[in-house]
Amino acid sequence: MGVTESYSRGRELVEGNPLALVFGLLIVLLLFDLVGKLASGAVQVSSVAVLVKDGLARGLVIGLAGIGLSMTYSILNFANFAHGDYITAGAFSGWATTYLIAGGFGSSANVGSLLLVGAGGSVFGGALGISVTATPVAVVGGMVVAGGGAILLSLVIDRLVFEPIRDRDGITLLITSIGVAFALRYTIQFVFGPSKRGTTAAGGVPTLSVPVVDGTVRITAHDATLAVVAGGLMLGVHLLLQRTRLGKAMRAMADNEDLARVTGIPTERVVRFTWIIGGGLTGVAGYVFVLWKGTLGWFDGWILLLLIFAAVILGGIGSIYGAIVGGLVIGLTASLSVVWIPSSFSRASAFLMMILILVVKPTGLFSGRSTA
Amino acid sequence: MSTADSPLAALWERDAVKIGVLLAGIYLAYVLVGVVLDYGVRGQLNSIATLTFYVALFALLSLALNLHWGYTGMFNIGVVGFMAVGIYVMAVVSKAPATEAAAGSVGGLGLPLWVGVLAGTVAAGLLGLLVALPALRLRADYLAIVTVAMSEMVRFTFLSGTFQRFEVGGLVIGFGGGSGLLLDFGSPVEQLFDALFLGGVYDGLVGLTGTVIENNPQPVTNGLLYGVLLLGAVGLYYVVLGRLGNSPFGRVLKAIREDEDAANALGKDTKAFKTKAFVLGCALMGLGGILWYMTSGAITPNTYRPRLTFFIWIALIIGGAGSNTGSVMGGALFAALLFQGPRFLQSVVNNLVDVEAPSTFGQALAPIAGAGDLAPLGFYVIDSVRQLQLIVMGLVLIFLMHRRPEGLLGHRKEPAASVELERRPDRETPYTDGGETDE
Chain F
1 MGVTESYSRG RELVEGNPLA LVFGLLIVLL LFDLVGKLAS GAVQVSSVAV
51 LVKDGLARGL VIGLAGIGLS MTYSILNFAN FAHGDYITAG AFSGWATTYL
101 IAGGFGSSAN VGSLLLVGAG GSVFGGALGI SVTATPVAVV GGMVVAGGGA
151 ILLSLVIDRL VFEPIRDRDG ITLLITSIGV AFALRYTIQF VFGPSKRGTT
201 AAGGVPTLSV PVVDGTVRIT AHDATLAVVA GGLMLGVHLL LQRTRLGKAM
251 RAMADNEDLA RVTGIPTERV VRFTWIIGGG LTGVAGYVFV LWKGTLGWFD
301 GWILLLLIFA AVILGGIGSI YGAIVGGLVI GLTASLSVVW IPSSFSRASA
351 FLMMILILVV KPTGLFSGRS TA
Chain D
373 MSTADSPLAA LWERDAVKIG VLLAGIYLAY VLVGVVLDYG VRGQLNSIAT
423 LTFYVALFAL LSLALNLHWG YTGMFNIGVV GFMAVGIYVM AVVSKAPATE
473 AAAGSVGGLG LPLWVGVLAG TVAAGLLGLL VALPALRLRA DYLAIVTVAM
523 SEMVRFTFLS GTFQRFEVGG LVIGFGGGSG LLLDFGSPVE QLFDALFLGG
573 VYDGLVGLTG TVIENNPQPV TNGLLYGVLL LGAVGLYYVV LGRLGNSPFG
623 RVLKAIREDE DAANALGKDT KAFKTKAFVL GCALMGLGGI LWYMTSGAIT
673 PNTYRPRLTF FIWIALIIGG AGSNTGSVMG GALFAALLFQ GPRFLQSVVN
723 NLVDVEAPST FGQALAPIAG AGDLAPLGFY VIDSVRQLQL IVMGLVLIFL
773 MHRRPEGLLG HRKEPAASVE LERRPDRETP YTDGGETDE
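For the protein sequence lines, the chains are F and D, in the order given.
Mapping the first sequence onto this note's numbering, position 12 (from 1) lands on 12, and the numbers just tick up by one.
In this note's numbering, each residue carries its 1-based index in the second sequence increased by 372.
No wet-lab data here; the hints were simulated from the structure.
Among the hints, erroneous ones may be present.
What the hints assert, rightly or not - Have a look at the derived ranges for each label pair, beta carbon to beta carbon:
| hint | chain 1 | residue 1 | chain 2 | residue 2 | range |
| --- | --- | --- | --- | --- | --- |
| 1 | D | R775 | F | D258 | 26 to 34 Å |
| 2 | D | G604 | F | F32 | 55 to 63 Å |
| 3 | F | G231 | D | A512 | 29 to 37 Å |
Ideal placement from N, C-alpha and C gives every residue a C-beta, glycine not left out.
Given only the sequences and the hints, what does the whole structure look like? Please build it.
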């Protein structure tokens, strides 16, 4: 019985979705190729391990920021193109705080320069010796402010921009969010300047060298911070959605808003909490991303945004686990693609992955499980 | 509907008049500012040429986008990708050939300009077809994300070192990577006149400009003539798309926009209709991209960032999606007020005062706290007009979506039938029921 059942299910899958089969075969083929390359020594195991580490780190950031996007996408029914700039705004507010604390509130540099995160090369993160081990208070303080700043920003923008047109269709809201993105991004550029700055003392970060088959993989304290923070927050969101009344209300609303309203769920309050949770995660994601990669620019969030969309769509809109898994898949795809194609196409490969998923399974991997 | 009471109002109801009045107003404002600031003839002519250039291009591109969004309801935010493909393919086809690989320069196929323009347009259409195959069956918001991702993929391709240069049949061609391509095929205007055997007319026009500008009148003449050429292209797009919209084909597109399932149920192959409309719009966008950058001398991939797409979207939304006249007016307004206006203002201020802009926002704010000196902040604002104008565009977009999502003319309902359905009020025969009307 079991065999025939699984056989017929497999046949259904193949007949119903030949593209999925091709897609699956392609992935299997690529994996075989990777194994072959590793065995023949054309590609070093350690360099693949480094790529995997990088991909996982990026994936965690994408996943963390993607949770917020996924939640607003399913509960408010629109693709928020300003989400990337919430990331940038959170990162800038957090890093201004970190600079301020690490700079001794003006004792080692001009307060203005510190608050503008060293606009125009007036002060450098490396000179302030910023790292999670050297200046833990500054980093933790910055992270908290990044989360808080992004929450405040998303609540204010929701109140001013999105709430008055809540009842319109998704496309109207999408276009509006593009306007928000523009205004936000170039306000950030106007205030903080167009330069990309280094934020951390790259040399001063403790590093652990893990031996792999034919080399070593260096894991820094910032890698570890990113993993711990992202993992912890993801777990927190999971518990919140599964164990609390608020989480239940959110899931109900994502499922069917009218029904939720009739049942007596205070929908506007749920919406507010959606922005709070999503905004907080987004701001922290932006902060740890900058901590991890060591540079900060006004363009960072926008660059991440399309990858986050890819992750959210890949995982299935509305599912936070989908966003997390999608983020990891997208991060790994972009990172590992350099084994086969030039690195200038690594982001393109992630987009291609998204388009393929949309063609093969438009509802995403975790489809039909809204916010759960 | 209100009937026109006076001849003037009747005149205003005509679309050509609306566009004409708007353009006249815009030009008058620019010329007046030029007169006040004593620009001189050369400056005036140049400013008019630049204005015409952007007015025409934004009108062109919003017309093309209107075919996608206004007529068919396809949410394409990858416009810039099609523009980039158009101009890049055109450049590769029409650039002068380079055979020696050692020179470091990238050549083209050396074919005539019109072949390049055609090839670029077709290439943009083909890319549209490639995107349409997977993407058009998706929801509108998915289509949006796919198209914007596609436009970024196009940019990565042109940016990548892999396609920087390669040899085809002994010719070194390529996309030039990050350093871009030099467009070395000379002035398209001159070539157009020569191709039409009107070289004498061209020389005459240059001579005519020479009577008001003493030295080097040729670039000014070229700019003005190119502007006229672009306005001609706008007219062409307008007529073609207008006819298309009123054709049976266009009516199916509008039906798809309103309700795709219903159109499908009526036996229309909506997918085929959407694909055709999408490909045509993409080709028109490619041509728009070619016309935009053909005279720029050089192209680099990072020009083609998604914000260019959003410029065109704002232009279309100002004008009102679904209306060709609105698209043209929106393009003109966007170009004059939001795109070119702030830059114009910046040069005006730069002419009037010595702008010594502080390099950072902090240095701009510090004097206010100290001595209440607002000048540095003002200078900083003027110096960063290009960022501020984008903030303003974002705010305008939000404002429009809140207060007037239908734009200037998007409220219009275009008739779906080819015959007039409403009875004319001025009928000759008297009413038999005593003339009772509801009005």
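- Query: For the pair R775 of chain D and D258 of chain F, does the Cβ-Cβ distance stay inside 26 to 34 Å?
  - Reply: With a Cβ separation near 27 Å, R775 of chain D and D258 of chain F satisfy 26 to 34 Å, so the hint holds.
- May I ask you to test the hint 29 to 37 Å on the CB atoms belonging to G231 of chain F and A512 of chain D? With a Cβ separation near 35 Å, G231 of chain F and A512 of chain D satisfy 29 to 37 Å, so the hint holds.
- Query: Given a hinted range of 55 to 63 Å, is it respected by the beta-carbon distance of G604 of chain D and F32 of chain F?
  - Reply: holds, 58 Å
In terms of the numbered hints stated before, the structure departs from none.
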